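Engineer: Sequence:
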Amino acid sequence: MGRATAHLFADEGARVAVVDLQQDRVDAVVAEIVAHHGPAAAVGFACDVSDLDALRRMVDDVVRELGGVDILVNNAGISTVTSVHRPEADYEANWARTLDVNLTAHSRLVRLCLPFLTAADGGGRVVNIASTEAIVATAGLAAYSASKAGVTGLTRSLAVEVGRLGITVNCVCPGPINTGMTEAIPDEAKEQYARRRVPLRRYGDPEEVAHMTLNLCLPASSYVNGAVIPVDGGMTVRHT
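The opening residue of the sequence shown carries number 1 in the working numbering; numbering runs sequentially from there.
One or more of the hints may lead you astray.
Said to hold, decoys possible - Cβ-Cβ distance ranges computed for the label pairs, FRET-style:
hint	residue 1	residue 2	range
1	M181	A31	20 to 28 Å
2	A96	R57	16 to 24 Å
3	E188	G122	24 to 32 Å
4	L21	P186	20 to 28 Å
Said to hold, decoys possible - SDA-like mimics (lysine to any residue), calculated; alpha carbons at most 20 Å apart, straight line:
hint	residue 1	residue 2
5	K190	P206
6	K190	A139
7	K190	T104
8	K190	M235
9	K190	E208
10	K190	A149
Bear in mind the hints are in silico, worked out from the structure with no lab data behind them.
The structure displayed is predicted, hence computed values, not measured ones.
Here a beta-carbon is modelled for each residue, glycine too, at the ideal position from N, C-alpha and C.
Please construct the entire structure, taking both the sequences and the accompanying hints into account.
Structural biologist: Structure representation (structure tokens):
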């Protein structure tokens, strides 16, 4: 989803900072965008978003390269097994890592980018990527569900707090999407799940999530603030 979002924003004329834990993935996406839009269209940085010092350095680098931050998309996320039946050391490590990446990093990046978002022409935009796991839940993913529910709460609180600065803060909750996080699921299992749970009877594509993210950053959405929007083919509203 991050790759699709970076491409879509670049297609619309934005200068994009691509950030990922792995340098090779950063380089690949930057190269794709630059090939289409020229060398000024994208810069890239490897960063562990759970590391506050690394986040500070990354934001400094982005501002140095791009001159500021008008839009922040908090998309980084991991999913680890956190069943209550796991051994204590394993559970504690997975819980801490998941919340650090999925929730705490979002809050830290908003704080670090706040001066630049405040100065953005027309008002800054923040889009936090949560999950339908904030609305429904899967057994054994306690930390993931808790972190994503935390993202929706963080979004609402920040929307109230920084709205007076002209900054909107919204949240997208993707449902079952064909991404790196779901690629290990067998196709047959995906098809069965989609037929059973999703009214549109399919997994979504990353671009479909990216378009919602983009829409929340357009001038036409300047009065949308504090929204939590599922992009899930109707999964979370299906009763039977």
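Engineer: Hints first: check each against the structure and report whether it holds.
Structural biologist: Verification of the hints:
| no. | hint | in the structure |
| --- | --- | --- |
| 1 | M181 / A31: 20 to 28 Å | holds (23 Å) |
| 2 | A96 / R57: 16 to 24 Å | holds (22 Å) |
| 3 | E188 / G122: 24 to 32 Å | violated (47 Å) |
| 4 | L21 / P186: 20 to 28 Å | holds (26 Å) |
| 5 | K190 / P206 | holds (15 Å) |
| 6 | K190 / A139 | holds (17 Å) |
| 7 | K190 / T104 | violated (30 Å) |
| 8 | K190 / M235 | holds (14 Å) |
| 9 | K190 / E208 | holds (17 Å) |
| 10 | K190 / A149 | violated (24 Å) |
In the structure shown, a violation is registered for the earlier hints numbered 3, 7 and 10, in ascending order.
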